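Following the hints, complete the assembly by docking chain B onto the known chain A.
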Amino acid sequence: AQSVSQHNHHVILSEAASLELGCNYSYGGTVNLFWYVQYPGQHLQLLLKYFSGDPLVKGIKGFEAEFIKSKFSFNLRKPSVQWSDTAEYFCAVNAKAAGNKLTFGGGTRVLVKP
Amino acid sequence: DAGVTQSPTHLIKTRGQQVTLRCSPKSGHDTVSWYQQALGQGPQFIFQYYEEEERQRGNFPDRFSGHQFPNYSSELNVNALLLGDSALYLCASSSTPGQRTGELFFGEGSRLTVL
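Chains A and B supply the protein sequences, listed in that same order. Read in the working numbering, the first sequence has 98 at position 94, and its numbers run on one by one without any break. Read in the working numbering, the second sequence has 474 at position 104, and its numbers run on one by one without any break.
Simulated from the structure, these hints should not be mistaken for lab results. Since we're looking at a predicted model, the values are computed, not measured. Heads up, some of the hints might be wrong.
[To be verified] Counterexamples of contact, computed for chain A against chain B with all Cβ distances above 10 Å:
id: 1; residue: V8
id: 2; residue: A21
id: 3; residue: P44
id: 4; residue: I72
id: 5; residue: F76
id: 6; residue: N79
id: 7; residue: T90
id: 8; residue: N104
id: 9; residue: G109
id: 10; residue: G110
id: 11; residue: G111
[Unchecked claim] Okay, the calculated beta carbon distance ranges per label pair:
id: 12; chain 1: A; residue 1: N12; chain 2: B; residue 2: I382; range: 39 to 45 Å
id: 13; chain 1: A; residue 1: K73; chain 2: B; residue 2: T466; range: 23 to 29 Å
id: 14; chain 1: B; residue 1: E421; chain 2: A; residue 2: I16; range: 42 to 48 Å
id: 15; chain 1: B; residue 1: I382; chain 2: A; residue 2: I16; range: 19 to 25 Å
id: 16; chain 1: B; residue 1: R481; chain 2: A; residue 2: H14; range: 20 to 26 Å
Note that beta-carbon positions come from the ideal geometry of N, C-alpha and C, so glycine has one too.
With the rest of the complex left out, here is chain A:
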């Protein structure tokens, strides 16, 4: 079945460490790619998005993601995390092949220790 996969369910790291969260999708054709973040007690918020053009996209709060079409991947990175980055991160794909509805991965819960 077509899907969105996030490799890690839980990540624990210390402040100033680098973060990379993996995301793979299985849809062919045109895709729009997103990372959403859900801070504790808050609603889902858009972190960054890719529609076309430069495959390296920059989002809010120092996050960036790289679209690698050949690998069907859209990994999220941040060079140096802060305690305030503790949150759940969701990769999401809007694919024409899936009827243009937004499909989410299972999420990665990130805990940054101070």
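Relative to chain A, chain B alone:
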């Protein structure tokens, strides 16, 4: 500029009962999508409304139904509640161009507990 608002924020029901959840989209948005987020999982697409019609539907039974009003607000109804319906129900809105790109704006959700 109000974002997406949902009500109620929390509710408790018993098996077999019916529930109605409400959503007002972000100002300027005309499309509403509903998602179910079970504990520890990503949001699962239920359905999407545009121009007062259900446009797309995910893999949810007919017990899940919805409605969109002329002012673009929406309701999600779930009949014959099961324990497994316990989840956070998210409403998301978008403008028509956003609908094609997939960018959604989310409310804080309605947490439903079925006992």
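Evaluation of the provided hints:
no., hint, verdict
1, V8, "violated, 8 Å"
2, A21, "holds, 24 Å"
3, P44, "holds, 12 Å"
4, I72, "holds, 19 Å"
5, F76, "holds, 16 Å"
6, N79, "holds, 17 Å"
7, T90, "holds, 16 Å"
8, N104, "violated, 6 Å"
9, G109, "violated, 5 Å"
10, G110, "violated, 5 Å"
11, G111, "violated, 5 Å"
12, A:N12 <-> B:I382: 39 to 45 Å, "violated, 33 Å"
13, A:K73 <-> B:T466: 23 to 29 Å, "holds, 27 Å"
14, B:E421 <-> A:I16: 42 to 48 Å, "holds, 46 Å"
15, B:I382 <-> A:I16: 19 to 25 Å, "violated, 33 Å"
16, B:R481 <-> A:H14: 20 to 26 Å, "holds, 22 Å"
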